[in-house]
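Novice: Each chain is listed here by its residues.
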Amino acid sequence: MVTVKLFGTFRLDSGIKEMSLDVSSVKDIFPIIMDEVKRRDPQTALTMKDLKGCIVSLNGKQVGMKAQLQDGDTLFLVPAVAGG
Amino acid sequence: MTKYSGYMGKVLMVDLSKSLISEYPWSDEDRELYIGAKAMASKIMFDNFTGKETAFSEDNLIIVSTGPLTGTGAPCSNRFNISTLSPLTGITTSSNCGGNFGYYLKKAGIDALVIRGKCPVPTWIEIKNDKFFFHEAGDLWGMKVSQSQEELQRRMNEARKCRVKCGMLSIGPAGENMVKYAAVISGERAAGRAGVGAVFGSKNLKAMVATGNHEVPVFDPEKTTKLYQKWTETLRKHPLTGNQLPKMGTAGLVSPMQMRGILSTRNYAYGQYEHFDKVSGEVLAEDYNIVNKGCMSCPIKCARTVNVEGQEVKGPELETLGLLGGGIMNDNLELILKWNYELDELGMDTISAASTLAWAMEANEQGLWKNGLSFGKTANISKTFENIAYRRGIGNELAEGSRWLSEKYGGKDFAIQSKGLELAAYEPRRSVGQGLGYAVSNRGGCHLNGGYLVIVENLGLNADPQTPHAKADLCMLMQDLMESVSMTGQCLFTSYAVFPSFLISKPNSVVTKTVNKVIPFLGPVVRILNKFPGIASFHLFLLPHTKAIEYATGMKCNLARFIRAGERSYNVERAVNAKFGVSAAMDTLPKRLTNVPQDPKDPSTKVPLEVMKKVYYEARGWDKNGLPTEEKLRKMKII
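Chains R and E supply the protein sequences, listed in that same order.
Numbering that gives the first Met the number 0 applies: residue 0 is where the first sequence begins, and numbers increase by one.
Numbering that gives the first Met the number 0 applies: residue 0 is where the second sequence begins, and numbers increase by one.
Note that these hints are calculated values from the structure, not bench results.
Using N, Cα and C, we set each Cβ at its ideal position, and we do this for glycine too.
Some clues are possibly wrong.
Facing chain R, from chain E, some residues (calculated, C-beta under 7 Å) [to be verified]:
(1) THR49
(2) LYS246
(3) SER254
(4) ALA284
(5) GLY410
(6) LYS505
(7) PRO506
(8) VAL509
Extracted from the complex, chain R is given alone in its bound form (with noise of 0.2 Å):
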């Protein structure tokens, strides 16, 4: 299993703070957290485009959608922003 631990104004905006999921790819985590999203709220402003605007963090680096995982990993979206 890896475990998805999600951030920033998605977090939010979904309520889902962080999902264990049975995958072997980054691009695989998107449509199932999707649907989360949508089950939780059918008429969510969340699209999939807000979902893959996210930076994807791998046990402390950032990696690309074809990164595979491993059985343990966990995996960080954090949207990005700035303004301090």
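Use these hints to put chain E onto chain R, whose structure you have.
Specialist: For chain E alone, coordinates are given in the frame of chain R:
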């Protein structure tokens, strides 16, 4: 008097020693060159300081100044500036504040105050429609900030038999005891950095209250209103100012900084904190934020409100979360909320307080100074902050800041400061342009005065954060633009719309990736713009500030004049610092950041400072010693 709208036309000299008020000469030509706020304060310091003054000498000045857009209804425009000689750095400092004092100073008919001398006894000053009343403040002395402000409001109400609308600023015990990083607080907002509160304390000045019924004149009300409405809409639609900042405030940066490896951790030994998600903006928003708050006239409302011991108080900003979280290895968010409140009440800068604490923890660990402070040990921190404010025990030395401590005990390599000012929470070894900014910043290790290149390298955009290419020229451009925005009286967040939405919201798109790849090659292009801003003699849709100046004041403005005014501001501030001995030799970072790679396996993860500094001075047109030449100052019409 002035021919320009937006200004009240009055700059006053306040002599505290004699309780005398006089007009300070400030002409329309000065207004054209320096616009207002921080830039005008820097010019006044340049004209008055010889280089022999010290922060606590009576001839030090405190300049409280507003911008021409303050009070005109422009979005996020009610900020004001406090400039003085800093006791922490020994050079100039400017602290920008979102409190309400600036707005009410203009309601009192005044653009700026130039304060000198020293009150013979503790004093608070009441300003009512440009009349000044000096009141003894012996009974306020010792009060924490909110108690002091509540008492002042009560006195104002009692004297007029009604609720008086007024702007205030006050110091707390830290300012009274001249803690070198004491703040001035206006409402709940701080003019926090580099010890402006200590200078107030040294002058026996506890507080100031302004009230009045003047209206700020606007040159073209119809055009101004339309522009402001459109501008507000743009800010509300932008992903940063309309979504991220309202929902999470600056605290929302903790997580992306962790991802990028730039979250200061364990006194900057690392750039990632294992437990960052316990002290993040997300948890703050989900579990603690009661309501968003903003400064006057702000559509963004980035401030948080939290409950501390039964009271609704201001929540922490990113810097405080970073430095009192991973910075000292604390994963307890509730403690950070509490400490943030305590520091505000004592009237102390959270950045320098936290960073000095982190240095002391490491010094203790290394056996340089046995002080009882340790990373991860939180039980004695509240007491330590109180001891700093009242200068008790080890607090008396901690009150001097990390540079002073490291000079006494050793440990300079890990005193995370530049020119005496502690750095903000952005770890620059994975954001080398930000590292350059910290080092060359006029007020010392400041992320904003340093140009905030982290927004180009890590947050927002992602232009190669390890390469020095183009960083010097970009640093200069960003510094100058931020100077310009500040001098209008507006919040720097009003300039974020300059980054087109799609670049922020679609970081993985081909366009954004291409932009990120191209930026390091843009140095020569940016250099041309920096050198010949005249080519930008137009208004830029994404920077409405230039039109706002024209419509609100009647003064000619465009992007070229705007950038040039920013450059002038940066140069005059540097020229003041030169009088106090600043040169290239002081544009430094601690060795931890320049000599020790953040990732031991990747030698590029440190700041290549000397390479960038050289290019930066060239870009600025300064000499090899990092100073503006006489010719440069003449060209900029500073002398």
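Novice: Are the hints correct? Go through all of them and say.
Specialist: Results of checking the hints against the structure:
no. : hint   : result
1   : THR49  : 36 Å, violated
2   : LYS246 : 5 Å, holds
3   : SER254 : 4 Å, holds
4   : ALA284 : 6 Å, holds
5   : GLY410 : 27 Å, violated
6   : LYS505 : 5 Å, holds
7   : PRO506 : 4 Å, holds
8   : VAL509 : 13 Å, violated
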